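K.L.:
Those protein sequence lines, which keep their order, are chains A and B.
First residue of the first sequence: 1, per my numbering; consecutive thereafter.
First residue of the second sequence: 1001, per my numbering; consecutive thereafter.
Treat the hints loosely; a few may be bogus.
What the hints assert, rightly or not - Restricting the straight-line Cα-Cα distance to at most 30 Å, the calculated cross-link-like pairs of lysine-lysine (DSS-like) are: (1) B:Lys1159 x B:Lys1194; (2) B:Lys1027 x B:Lys1299; (3) A:Lys518 x B:Lys1027; (4) A:Lys518 x B:Lys1270; (5) B:Lys1027 x B:Lys1194; (6) A:Lys541 x B:Lys1270; (7) B:Lys1270 x A:Lys435.
The set of hints was computed from the structure by calculation and includes no laboratory data.
Computed from a predicted model, the values in this text were never measured in an experiment.
Number of protein chains: 2
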Amino acid sequence: MQKNILFIMYDQLRFDYLSCAGHPHLKTPNMDRLAAKGVRFSRAYVQSPVCGSSRMSFYTGRYVHSHGATRNGVPLKVGEMTLGDHLRAVGMDAVLIGKTHMRVDADGMERLGLARDTIIGARVAECGFDVFTRDDGLWGRGPAGYYDDGPQPYNDYLKAKGYPGANPWHDFANAAVDDEGEMASGWFMENADKPANIAEEDSETPWLTREAEAFIAGDHARPWLCHLSYIKPHWPYIVPEPYHAMYGPEHVVPAVRAQSERQDPHPVYKAFMDGLVGRNFSRDDVREKVIPAYMGLIKQCDDQLGRLLDFLEREGRMADTMIVVTSDHGDYLGDHWMGEKDLFHEPSVKVPLIVYDPSPDADATRGTVCDALVESLDLAATFIDFTGGAIPAHIVEGRSLMPFLHGATPVDWRDFVVSEYDYSATPIATALGRKPREARLIMVADTRWKMMHAEGFRPMLFDMEADPQELRDLGDDPDYEAIVRMMYERLSRWARRMAQRTTRTDAQMEGGGGSGAKGILLGVFEPGEVPAEETAYYRGKPGRQD
Amino acid sequence: MQKNILFIMYDQLRFDYLSCAGHPHLKTPNMDRLAAKGVRFSRAYVQSPVCGSSRMSFYTGRYVHSHGATRNGVPLKVGEMTLGDHLRAVGMDAVLIGKTHMRVDADGMERLGLARDTIIGARVAECGFDVFTRDDGLWGRGPAGYYDDGPQPYNDYLKAKGYPGANPWHDFANAAVDDEGEMASGWFMENADKPANIAEEDSETPWLTREAEAFIAGDHARPWLCHLSYIKPHWPYIVPEPYHAMYGPEHVVPAVRAQSERQDPHPVYKAFMDGLVGRNFSRDDVREKVIPAYMGLIKQCDDQLGRLLDFLEREGRMADTMIVVTSDHGDYLGDHWMGEKDLFHEPSVKVPLIVYDPSPDADATRGTVCDALVESLDLAATFIDFTGGAIPAHIVEGRSLMPFLHGATPVDWRDFVVSEYDYSATPIATALGRKPREARLIMVADTRWKMMHAEGFRPMLFDMEADPQELRDLGDDPDYEAIVRMMYERLSRWARRMAQRTTRTDAQMEGGGGSGAKGILLGVFEPGEVPAEETAYYRGKPGRQD
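Produce the complete structure using the sequences and hints provided.
P.N.:
Given below as structure tokens:
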């Protein structure tokens, strides 16, 4: 049977903003519906709490430390293999609909003579995907031009629908209109409670859902992975009606924060708290404007997921298609005096992850929750495993989740997860006197302890059992020296892992010795020390012809 | 003025088998002559004590942990940048004469559609060099075929000169003839005292010297780096007359070894000692056969260097050409009960390094010895610096040696060096129960302490001040726990370094923030919080045309 994969990613969706994950006010019946059919992973961590780097780890199955695209705007280097490479090798197409936040390694392509108008070049330029629709959904524009200078399919769609102007993405999908008929831009959070000035069906999430339906309904000679990569609920925080008015301040859960967090905080944490984002999200009035809009955006995502699941059922795809729902990172939303993502508290670094496997082998686990330590790079391994292909463990650093889906607990499962963050391109690096290659953070976490290593500073440390809200930083408490040392030992073990020997499989290495069979005789004093067949060509008269 | 680089590499040349480095019997007047004109580095370490991996670090300027070609036969992945890429970018050609031990990443080339018969593909297939002559000098042949299945230019040369047979490299250049007229193969060390059955001028070292002269004498539109990469004094240990008889057992320095090294040794060290290579090189009769031949091979190299220096003087190239002499690793020769290389005692991991800079700025340092901690990856940085180019420090991990050549001591010079070894493809990995990605060793050394980390085992540790011969392994001595901890802290710092963010320079990262200029407004509540020009496109009536 042809087995497909629908790999749905939302952007900036917190792990706990689903009703199946316990949100008290936000009901997400369609997320819950998928969770009831699959397994929900309650400890799923991303490899970096920032869009581009996180996604490059999803797509390569490798740590940021391995693939090197450490930050938005840092191109994924030519040569890094992706899901598309691995899946095509086992006969499956890999198709993109939506966002990747991938920046092309134009220098590398030029150096190797690769052109974007070739099949190979186009894939290299798009993280290994074949593009059905690529739209990163960030059509911001300022004095230095557009943030994204690529094609704008969503703007093209809006223009074709009659929305006027150069950038209807902003002017309609991401702005309201005020009483004077002027734009009330979604870039300003003060407008988050207003409805976006667009027909709901034309907003980004329904548009991408229809793109996915169009792809899935098409003719497919080969099984496919469809990466349906939504732009929402990522900012700008603004949503069309009726979603703009579904939630109000009464639905905003209290911020997880304590005054003690602001007393003698870690220098990097302090710098993030003290920035504009942190200051604004620390305001209750900001949270009460933004969070209802964020919830509305998620509600819209959930409704569209319901539509898509209905479509898949009608098309018969529920029987042959793995469905995954996840996100590239979370959103602080004022927790810990922070907004956005960037650091490693749970609201930022943990993501929703629901995996539905249509096969009968997965029947026993449907509707269950798995609390194993999972990393986003596991999905690449899972997808390859799902197709029946051999996981190239010399390249893909993740591990398959298939055993969990089939009710087994893998032996030797990892005992810690790692996430990374490169802040070299922020003013914080300069303010803290960090050079570009030192301005980095690495999280090491198990089910109890979470350490954040900051190059050049003391670590942060949380005891997630005693302090599940991560309010008490133990990083400079001498009582926890042994824990810190253990976490650093793990960090070291992880950092020195062999991640770049990607041109030879482990099996090839194991069978790679024995150069004697090719006549390389090492340290041999006299012929009898090695098998006679290895010396056959070295006997007889000089000048033998064979 | 056009500035060229002649980058001479010998293979398996010990650091202390030069008269300028103190060998009591082997006189190398031409190495000494170059040392008198340049700077000799007395603490130059290779990134891996094995041919291929070491060379890939010389050519990329990157650690093995970064480039991934961890062992002979592991291809250098497509996408890794090399000296050739960096030097061509500043207007210089990079040309190969001799050996690289590079294996092409054929899978990677196919994946990216690169063909070896294009300029780009040919360079990718040859570590970034343009090939004048490529010959790895290992034409071994066994039941599984030739060790190297590439073209055999040296065999072609011998055949054209009338040497008969399929493999005159072996039958004449690397074999003697016994009393019955049968081959006495150089693969068997018992024959090391016999003369190779070849005219001296046709043996490998003079042949490659003439190739270099032919290249240098040619017309050059651009400055060049010529990588003259000799095959010798690497085994087979056999040399034509008169070199075969220049040295005898009386010139063999005593082995550096102690019985105590065999008592409760580190398991990995023990496995190497116990192998055939270790056992044979522990025999005095083997050393007395092999070392005189090894010395003869070096003497021939030295004579050919003299010839080449004379040629360069006649051609006027001493005035405009940097000359470097080094090796890819050393040779135990029975020291520490070991043969070959592989581990990290000084005879294996330390190499000769002499750098001659023709510029007047280097006059003050001519004939001096520099004892700074130098790594082989520094040469790539040095070459780029010599041309006047900016060192791409986001790619090249080495540092320029030019300050040392000009009498300055760089600030912040490194305080430790690192070398690596992957033994996954050896029977030792199986015997020790190590999986392919765990069968690795990492040396961390400063001017006093040298630690060898072995994944899965205790470390080895030497105090090179108290025990300069490295006879006393302190790795399990509780008195040295603090030193071991310090060395592991360094190992961790090194292992977590940012080595893969190669698609953006440090300067680009520093200037990489400020997405506000492109209209991405993060965490902004109201317009006044950011400069007005950043919000210009977000004001006015919806549907603006500009």
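K.L.:
Against this structure, judge whether each hint is valid.
P.N.:
How the hints compare with the structure:
For the hint pairing B:Lys1159 with B:Lys1194, the CA-to-CA distance comes to about 23 Å; that is within 30 Å, so the pair holds. Distance hint between B:Lys1027 and B:Lys1299 is fulfilled; the C-alpha atoms sit about 7 Å from each other, no more than 30 Å. The hinted pair formed by A:Lys518 and B:Lys1027 fails the criterion: a straight-line CA distance of about 36 Å is larger than 30 Å. With a CA separation close to 26 Å, the supplied pair A:Lys518 and B:Lys1270 stays within the 30 Å bound.
Proposed proximity of B:Lys1027 and B:Lys1194 is supported: the alpha carbons are some 21 Å apart, at most 30 Å. Distance check on the hinted pair: A:Lys541 and B:Lys1270 sit about 39 Å apart at the alpha-carbon level, beyond 30 Å; violated. A hinted pair counts as satisfied when its Cα atoms are at most 30 Å apart, and B:Lys1270 with A:Lys435 does not qualify at roughly 43 Å.
Comparing the model with each earlier hint shows violations of hints 3, 6 and 7; every other hint is respected.
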